[in-house]
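Undergrad: The primary structure of each chain is shown beneath.
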Amino acid sequence: MSSILILGASSDMAVAIARKFAKEKYNILLAARNTAALEALQQDLQIRFGVNATLHAFDAERFDSHAAFYRSLPLQPDITISVFGYLGEQEKAQQDWQEAARIIHTNYTGAVAILNVVAEDYASRKKGIIVGISSVAGERGRQSNYIYGSAKAGFTAYLSGLRNRLFHTGVHVMSVQPGFVYTRMTEHLQLPALLTAQPEAVAGAIWKGVQKKKNTIYVKWFWRYIMLIIKTIPEFIFKKLKL
Amino acid sequence: MEKRLSNWGNYPVISCEEQAFTQEDQLQDIIHRQPGTIARGNGRCYGDASLGIHSISTLKYDKILAFDDENGVFECQSGITLDQILDVIVPKGWFLPVTPGTKYITIGGAVASDVHGKNHHVEGSFSNHIIDMDVVNGEGQTLTCSPSRDADLFWATCGGMGLTGVITRVMFRLKAIDTAYIKQKQIKARNLDEVIRLFEEYKDYTYSMAWIDCLKKGDAFGRSILIVGEHATPEELNARQRQSPLSLPAKKKLSIPFNFPSFVLNTFSVKAFNWLYYNKNIRQEINNVVPYEPFFYPLDAILHWNRGYGKAGFVQYQFVLPLEQKEGLATILRRISDKGWGSFLAVLKVFGRQESLISFPMEGYTLALDFPVRKGLFPFLDELDELVLQFGGRIYLSKDARMKREIFWQSYPGATRFAEIVRHYNAGQRFRSLQSDRLQITPVAE
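Chains A and B, in that order, give the protein sequences. Throughout the first sequence, residue numbering follows this note's numbering, covering 1 to 243 in sequence. Throughout the second sequence, residue numbering follows this note's numbering, covering 1 to 446 in sequence.
No lab work stands behind these hints, which were simulated from the structure alone. Be a bit skeptical, because a hint or two may be false.
To be verified - Some chain A residues flagged as far from chain B (calculated, every beta-carbon gap over 12 Å):
1. Ser11
2. Val15
3. Glu24
4. Asn34
5. Ala36
6. Leu41
7. Ile47
8. Ala101
9. Gly161
10. Tyr182
11. Thr183
12. His188
13. Gln190
14. Pro199
15. Glu235
16. Leu243
Said to hold, decoys possible - With a Cα cut of at most 20 Å, we get these calculated DMTMM-like pairs of lysine to aspartate or glutamate:
17. B:Lys60 <-> A:Glu200
18. B:Lys60 <-> A:Glu39
19. A:Lys25 <-> B:Glu123
20. A:Lys23 <-> B:Glu123
21. B:Lys175 <-> B:Glu139
The beta-carbon is built from N, C-alpha and C at its ideal position, and this holds for glycine as well.
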């Protein structure tokens, strides 16, 4: 039976991904800071889908622990997916370095730190799939969330570089740009219903993308074109907009 | 986030703040921060019982915690829906002990409404099968209750519309089945007297209910189709079904994608539907073996059938009358048939005995039908309420969106005791809904 490692397993998106892959008979390795909070999900996956689910303590911001964390896993997962992220508050982050650092370290440094370890292992084994959940916010910096956006931009660039490098070893890297998703992270935001996906739709898109070895997927297809338009607005106009 | 919410009847619609939780500490946090809130599951109750200015969505609190498939004991968080449970238990030879006519309700909703099924006369309501459950009270404490532990909380929570607190975990007993099929019998009844006689004749069947044509007058007044059933044994299945007796063939679902304009449903179309429904059974009696889904959940096959009633929405009117009030049933049914506003969905069922504090069922006849919201409807339903009260019956809170408060207080004998228990566990009235305010179970301070 194949297995998938889910980094940042307590988010709504992670739960949907875990259920989707468990339904397809993958064993699930759930990694998060607070593993006690994942015990219910662990039971749920095992009872619903008859797969094996295990819990592993993982803190994205404790970069030095990542290699040891990966070595401590009971097996090398066939797929590793990095789901964790931290939206934070832009205005707070402008004044408070703690907040800015947390946004950067969770979304970028932490992701690079753990995926470097996974990439080395997969490269040496010449197989495996790495999936990174980035964000459309990383495609162009906007005043409302450019600290988060810049960290995700870095992550997107990291994933594309990694994809380029690992291609030659037979390892596949897929980037996911979910757009708006209904989750606890976005619960306080007014999201346009047409543009917003359910976590289950993200999970379904990831499953399909992995089957077809896609490079970059947008969960709702029109995000690709929305971002294309946003990226082509000339800077002298863009800087005047309140986005 | 600010949202427009309504339940299955699409009436009423309110603006409210909705928050979800996935961990118990998040729930406690919401309760502390937000006085005046009500738990809401999948929004399949019909009226306003789970609508409030603040809403706590339980849908993400949906994990299965334990399933003892040797002894048929199931334990889960409250936000899981019945269809998800069925997907897990049926292939292992177990079934829900009690199920309402839709599988898209949450287990928390099943408890808060103390749902009944077609087997009430034999197996009681959902609360009869609960081993224990957790309720988070107005102070954010988790209390475990059962018929023998904090029994007052337990009985006020079963059918209590979420007013004692947020139901978070439920452990209940399942029922063993040998196949995923039902051996059903459909019998035509010419009128009300005949269907009541048939209910009596077939009372030993585990499942029974009747579709009743509530528009027909004269000799055919109350003509119906009685449907009774039993879980089929493997021997009763055909060769194809017997290959995998515990799994059903996959089927595509239809969906009504938008609200029908209101002219689609009128007396004529309802009559036409009823005629077709009645006459599709050409023979007097039909016996066959069917998958459990169309037997228990005939309307789930059409997702969003509620949109068929148009934008104004509808109310479902369900009342129960004591067994000796057969004449009362005829009187009310006649009023409905004279008015001609009734729906194609009218369900008649006989309940068995039930002692309960605030749950709906009592030994007697229960009738449920839809009324599209229109001018003059509420005064008409108020008249029906008076009749229900006169005949010693009551209205189902899960379907209510408009009952007057005095009808509630006079028709539910346990109302005063229930309100006392609610005050005790729901300190400061942190849990309240449009319904509980309207019925003055949680009276608004002057």
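Undergrad: Does each hint hold? Answer for all of them.
TA: Hint-by-hint comparison with the structure:
| no. | hint | verdict |
| --- | --- | --- |
| 1 | Ser11 | violated, 9 Å |
| 2 | Val15 | violated, 8 Å |
| 3 | Glu24 | holds, 15 Å |
| 4 | Asn34 | violated, 9 Å |
| 5 | Ala36 | violated, 10 Å |
| 6 | Leu41 | violated, 6 Å |
| 7 | Ile47 | violated, 5 Å |
| 8 | Ala101 | holds, 25 Å |
| 9 | Gly161 | holds, 34 Å |
| 10 | Tyr182 | violated, 9 Å |
| 11 | Thr183 | violated, 9 Å |
| 12 | His188 | violated, 6 Å |
| 13 | Gln190 | violated, 6 Å |
| 14 | Pro199 | violated, 9 Å |
| 15 | Glu235 | holds, 33 Å |
| 16 | Leu243 | holds, 20 Å |
| 17 | B:Lys60 <-> A:Glu200 | holds, 12 Å |
| 18 | B:Lys60 <-> A:Glu39 | holds, 15 Å |
| 19 | A:Lys25 <-> B:Glu123 | violated, 37 Å |
| 20 | A:Lys23 <-> B:Glu123 | violated, 34 Å |
| 21 | B:Lys175 <-> B:Glu139 | violated, 36 Å |
In terms of the numbered hints stated before, the structure departs from hints 1, 2, 4, 5, 6, 7, 10, 11, 12, 13, 14, 19, 20, 21, listed from lowest to highest.
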